[in-house]
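Participant: Sequence:
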Amino acid sequence: MDSLIKFVEEEFVSKKDFPQFSSGDTVTVYYEIKEGEKTRTQFFKGVVIQRRGTGATETFTIRKMSGTVGVERIFPINMPALQKIEINKQGKVRRSRIFYFRGLTGKKARIKEVRS
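If you're matching positions, the sequence shown starts at 1 in the working numbering and goes up one per residue.
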């Protein structure tokens, strides 16, 4: 059964070429929004908290601060409305899911940058 599901995912789900990123990275995601008959591009810039799933069901969560309120958004990798993903900074974290980041504010909420 699993092989049948994988086969269908590989054949019918369109793959997009996005850069490799992981948790701790600061990324900007550009996606399309439809308002009535018009479409426009909106972006969401924040820190990747987690990547989860594999293949067609893979998702990633981004967190940003909007004023003093934290806003999180989950994006499926294969969402048709996703246009591009830009990596702004590569962060160095020790965990793959940095949920502790939600409780940090101010200077404690900084992530070390990877210099390459």
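Simulated from the structure, these hints should not be mistaken for lab results.
Please note that the accuracy of each hint is not assured.
[Claimed, not checked] Below, simulated DSS-like cross-link-like pairs (lysine-lysine); rule was C-alpha separation at most 30 Å, straight line:
hint: 1; residue 1: 89; residue 2: 107
hint: 2; residue 1: 16; residue 2: 38
hint: 3; residue 1: 6; residue 2: 38
hint: 4; residue 1: 112; residue 2: 89
[What the hints assert, rightly or not] Pairwise CB distance ranges (calculated):
hint: 5; residue 1: 44; residue 2: 108; range: 35 to 43 Å
hint: 6; residue 1: 44; residue 2: 6; range: 45 to 53 Å
hint: 7; residue 1: 36; residue 2: 114; range: 38 to 46 Å
Glycine included, each C-beta is placed from N, C-alpha and C at the ideal position.
Participant: Please go over all the hints and tell whether each is borne out by the structure.
Facilitator: Going through the hints against the structure:
1. 89 to 107: holds, 17 Å
2. 16 to 38: holds, 24 Å
3. 6 to 38: Status violated; Cα separation ~35 Å.
4. 112 to 89: holds, 10 Å
5. 44 to 108: 35 to 43 Å: Violated - the Cβ-Cβ distance for residue 44 and residue 108, about 23 Å, lies outside 35 to 43 Å.
6. 44 to 6: 45 to 53 Å: Taking Cβ atoms as reference, residue 44 and residue 6 lie about 30 Å apart, which means the hint is violated.
7. 36 to 114: 38 to 46 Å: holds, 43 Å
Against the hints set out earlier in the document, violations occur for numbers 3, 5, 6.
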